[in-house]
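Please build the complete structure, drawing on both the sequences and the hints.
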Amino acid sequence: MPGHPRDRRRPLSRREFLRRAGVAGIATPSLAAILAACAGETTTEGGSPSAALQLARPDSPVTLPTQGNPAIADGLQPEAGPLKILGYNDYIRKFILNKFSDKFSTSVDWTIFDTPEQMVQMMQSSGSNWDLIVSVTPENVGKLAFGQLIQPLNKTYLPNFANVWDVFQSPFYDVDAQFTAPYTVYTTGITWRNDVVNEDIPAMDNPYDILWDSKYAGQVHLLNGSRDTLAAALLRMGSDVNTSDPNVLDQAKQMLLDGVETMNWKFDHVDYSELGTFEIHHTWSGQVAYYQYYLPKGLPITAFSYVWPPKAAGKKPGIITNDMFAIPKGAKSPVLAHAMIDFLLDRSNAAVNYAYEGFQPPLTSITPESILADELVPKNLSNILITQEDFPLGVQELELAPAVNQLYQQIYQEVTGGA
Amino acid sequence: MWFPSWFWPSFAAPATIWLLLFFVLPFFVILSIAFGRVDPIFLTPSPVYNPLRWDVAPFRDVLSQIFTNGSVYQSDFLHTLAFVFVATALCLAIGYPVAYFIARHAGRFRTLFLVAFIAPFWISYMMRMLAWINLLQPNGYVNRILGGLGVANTQTPIQWLNGKPLTVILGLTYGYVPYMILPLFGVLDRIPSSTMEAARDLGAGQVTTFLRVTLPLSRQGILAGVVIVSLPMFGDYYTQTLLAGTRNTAMIGNLIVSSIQSSLVQTGASLVLILLVLLILPMLYYLRATSKSTELVAR
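Residue numbers (this note's numbering), protein chains in the order written: chain S, 1 to 419; chain D, 1001 to 1299.
No lab work stands behind these hints: they were computed from the structure. There may be inaccurate statements among the hints.
Label pairs and their in silico Cβ distance ranges [to be verified]:
| # | chain 1 | residue 1 | chain 2 | residue 2 | range |
| --- | --- | --- | --- | --- | --- |
| 1 | S | Ile-112 | D | Arg-1060 | 30 to 36 Å |
| 2 | S | Ser-60 | D | Gly-1070 | 37 to 43 Å |
| 3 | D | Pro-1026 | S | Ala-203 | 52 to 58 Å |
| 4 | D | Phe-1007 | S | Lys-94 | 41 to 47 Å |
| 5 | D | Thr-1068 | S | Asn-194 | 42 to 48 Å |
| 6 | D | Pro-1026 | S | Ser-170 | 44 to 50 Å |
| 7 | D | Arg-1060 | S | Lys-94 | 47 to 53 Å |
| 8 | D | Ser-1293 | S | Lys-297 | 54 to 60 Å |
| 9 | S | Glu-375 | D | Ala-1152 | 37 to 43 Å |
| 10 | D | Thr-1156 | S | Lys-297 | 15 to 21 Å |
| 11 | S | Ala-203 | D | Ala-1089 | 48 to 54 Å |
None of these values were measured; they are calculated from a predicted model. By construction, the Cβ of each residue, glycine as well, lies at the ideal position given by its N, Cα and C atoms.
Pasting the structure below:
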């Protein structure tokens, strides 16, 4: 169990991490309680109160605390703006931003973050500088809400929330969707060049094995980021992608280090800009939707295939997840932020946005059939499309205890060398 | 004309304020993060500004990792040292003849040549590296030319961009070579022709004149070029990211960036400090050599 925060003068050594994570693992499923006990009376260095963080799991849903952190009142008029967004680069189509600006006679300022950790750092240091985050994931929504860095949504401003898939009307990581509205959904799978890779990857007992197949050394790219890189090994092992078991994590690390040695993987998530330079890529389904626009001369889109392992012959586990909107606490234009969320939950705006972004909006009226009919995704890649029925088939990368989270990041750094 | 005693020293004020604001203060913040604490929930750094409360244990951990055989920190440091050493040597090998040619043999076209060689400065480093990505792609011009010459197999093109140390070294060399040419040109241009003519009059051949006159007199330019080129190379990370992106080519800059972008900011701050100490050594050597040379000239 982590010591009292006052005693934590330095990050834990690896050995200490393993020991503590091990204790936490033994105590599972009471990890959340352990953390709650340790973090319950914490005041962060920044001075903002941190309520007892609970780790949400499908069998242990979490209602995020709203006490002392109310949503905005009903019936307010949108502010003059500008709407200040903290988001991944280019994650909303410029056309949509302009359309929104015209409709609300405002402008949009966009500040970029590159990693979820960076977003959390920015939110903690100056979160009230922004009105909307695009996006938050289930891995960090808990700490943002328990740390009171985001505010509850007022659904009276979100009539289009009714368009959202049922699975997101009350997700387990945010019961009643008090703080979040879903933006996009995607799976994590494997894409490959079917004109040069001979193996029938979907027919393989374990499709993840292809990422370690030395026949393709130097031709395989792995997704970067501590969670996704480690997940490749954990999923290959058939283990939980949110495990805190130090032995399992050690095995995953060794598997990845072996792969680094034999495969000389490249770690990135920009496969659409590298078409022609890889044969196999561990990737997000949303990225694959871009391929058709970035094809090098002479390479047809039909040369690419995608598999999400839960739907392959071996039915191995695979990641399915979602990005979400959230509004920072202290936002200067919260009504405008609600308006932007609602704007993107509108069917026609979401469809226009999707045609450029490639990451699918989880709206009931946007179905795989309608997307294929609109020719937004090539038919040979139709399996990148998702329905809400796919969610029970997959697993999600979820929030980890801080000590475990840091261990994931240390392992990731050890595996990639920072590359 | 009389000036108050503070008048001339006050000219140093802008630079002093600049250094205080943009070097000393940020450096102190880095120290406060490296020796500070980590938020227990968010894992964000909590700087400790009181040196009496600094905790050196995290820094010591990082330092010990660097001296642990096979550790990722050690391998990244070794990659960095090797890449920077080879790329700097290549910059010198390419830059010196170019600077020599422009300074001594370009005649009335010297300005034109100088502009041509410096032109890459006008394009951002990132754009130049992105251009290399196009050139080095499997079906890019480099492979096509090599295939045309029969050096490479066109059916199985060389994968330049999939983690080759050579690609990173070439990228670094290409990116920084103009910085080597400029100081060398400055020094070589200032060597009086009469000095070389005197050497020739005294019976020295072309090679001997170069080795015993030109080269020693251009030593300051070589040192300046090496320092100017190698220092930013040590902190470079995007050349590797763009042209390789594998663990086998990762440099210390990559480790720092990945630490800062994750929850290992304290580790990143420690690595910055260690890199700084590493870079101070060649800087001190350069300053000592320059001051000795100035003393010699003064005599």
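Verification of the hints:
The hinted window of 30 to 36 Å between Ile-112 (chain S) and Arg-1060 (chain D) holds, with their beta carbons roughly 35 Å apart. Evaluation of the 37 to 43 Å hint for Ser-60 (chain S) and Gly-1070 (chain D) yields a pass: the beta carbon distance comes to about 40 Å. Taking the beta carbon of each, Pro-1026 (chain D) and Ala-203 (chain S) are about 56 Å apart, inside 52 to 58 Å as hinted. Distance hint check: the CB atoms of Phe-1007 (chain D) and Lys-94 (chain S) are about 54 Å apart, inconsistent with the given range 41 to 47 Å.
The hinted range of 42 to 48 Å is satisfied by Thr-1068 (chain D) and Asn-194 (chain S), whose Cβ atoms lie roughly 43 Å apart. At about 46 Å, the beta-carbon gap between Pro-1026 (chain D) and Ser-170 (chain S) stays in the expected band of 44 to 50 Å. A beta carbon spacing of about 49 Å between Arg-1060 (chain D) and Lys-94 (chain S) agrees with the range 47 to 53 Å that was offered as a hint. Separated by about 55 Å at the C-beta atoms, Ser-1293 (chain D) and Lys-297 (chain S) satisfy the suggested range of 54 to 60 Å.
A hinted range of 37 to 43 Å holds for the C-beta pair Glu-375 (chain S) and Ala-1152 (chain D), which are about 39 Å apart. Our hint of 15 to 21 Å for Thr-1156 (chain D) and Lys-297 (chain S) holds, since their Cβ atoms are close to 19 Å apart. Between Ala-203 (chain S) and Ala-1089 (chain D) the C-beta distance comes to about 51 Å, which sits within the given range of 48 to 54 Å.
Of the hints listed earlier, the one the structure fails to meet is number 4.
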